[in-house]
Amino acid sequence: MVQDLIRYDILAQEALRGVIRKVLAEVAKAGLPGNHHFFITFLTGAPGVRISSRLKEKYPEQMTIVLQHQFWDMHVTDQLFEVGLSFGDIPEKLTIPFSAIRGFYDPSVNFELEFDVAVLQPASDNDEGNISPIEEMAPEKADKPKAKTRKPRRREEGKCFH
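Just so you know, the numbering used here puts 154 at position 154 of the sequence shown, and the rest follows in order with no gaps.
Please keep in mind that the hints were generated in silico from the structure rather than gathered at the bench. Treat the hints with care, since some could be wrong.
Unchecked claim - Okay, derived cross-link-like pairs now, BS3-like style, lysine-lysine, Cα gap no bigger than 25 Å in a straight line:
hint, residue 1, residue 2
1, Lys29, Lys58
2, Lys22, Lys93
3, Lys56, Lys29
4, Lys93, Lys29
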């Protein structure tokens, strides 16, 4: 089997994350157009994610935020976005790197992107601290990024899901 030295799988994932980056940058400038709104699922423990300890305790692995009617101070960079949201009437500022995003869904047009994001496993008491080299996954076994459309799911607005 020929080895993919270009790593098209990684390039495709980065290109699809660029779609999210561009969409959020436009929303930060001009607001949400029409009926568009987004469900964004991300890993709360991923490098660069900044959320309150209260949210981290409630959502230790991942959470889904809804960007629809009540969000503020959205800022988008090449690597991440920041947004203000309210959780239980408590305002919070979230910083989410694009690399931490597992899913992006716009139900107004049935558009969804899903990403395979490596989940960091915390060290257990039995770990000796020895780090073994990571074996590179063969390209034919690597998960491919998926962009698909489907029928929207019914979810409550303004709730976090995990």
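Outcome of the hint check:
no. : hint          : in the structure
1   : Lys29 x Lys58 : violated (31 Å)
2   : Lys22 x Lys93 : holds (21 Å)
3   : Lys56 x Lys29 : violated (29 Å)
4   : Lys93 x Lys29 : holds (18 Å)
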